[in-house]
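Using the sequences provided together with the hints, build the complete structure.
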Amino acid sequence: MREITTTIDIAAAPLEVWQALTDFRHYPEWNPFIREASGEARTGRILAPRTTAP
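So the sequence shown is numbered by the working numbering: it starts at 1 and just counts up by one.
Simulated from the structure, these hints should not be mistaken for lab results.
The reader is advised that the hints may include incorrect statements.
Derived CB-CB ranges, DEER-like [what the hints assert, rightly or not]: (1) Ala13 / Ala53: 30 to 38 Å; (2) Leu15 / Ala53: 26 to 34 Å; (3) Met1 / Thr43: 31 to 39 Å.
Ideal placement from N, C-alpha and C gives every residue a C-beta, glycine not left out.
Given below as C-alpha cells:
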C-alpha cells in the first residue's frame with residue numbers, strides 16, 4: 001500500500017479541525033485528491049477514501 005505524508009500548521013481550534021476531518025461528504029471541496037470518503041470516525045474503524053491523481 002502506498003502512503004502519502006505531509007505536515008502543515010492549521011490556524012483553527014482542534015474541534016474545528018476534527019469536524020472538518022470527519023465530515024467525509026465535504027472532502028472533495030478542500031482536498032482535490034479525495035473524490036469521496038466513507039466510514040465511521042471512531043477508533044478502530046476503517047475509512048474508505050476514493051482518490052485520484054492530480
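Inset, instruction - Evaluate the given range 31 to 39 Å for the C-beta pair formed by methionine 1 and threonine 43. - result: The hinted range 31 to 39 Å is violated for methionine 1 and threonine 43, with Cβ atoms some 20 Å apart.
Legend entry - Supplied distance hint 26 to 34 Å, evaluated on CB atoms of leucine 15 and alanine 53: Taking Cβ atoms as reference, leucine 15 and alanine 53 lie about 32 Å apart, which means the hint holds.
Inset, instruction - Given the range 30 to 38 Å, decide if the beta-carbon distance of alanine 13 to alanine 53 lies inside it. - result: holds, 33 Å
Hint check: a violation occurs at hint 3 only; the rest are consistent with the structure.
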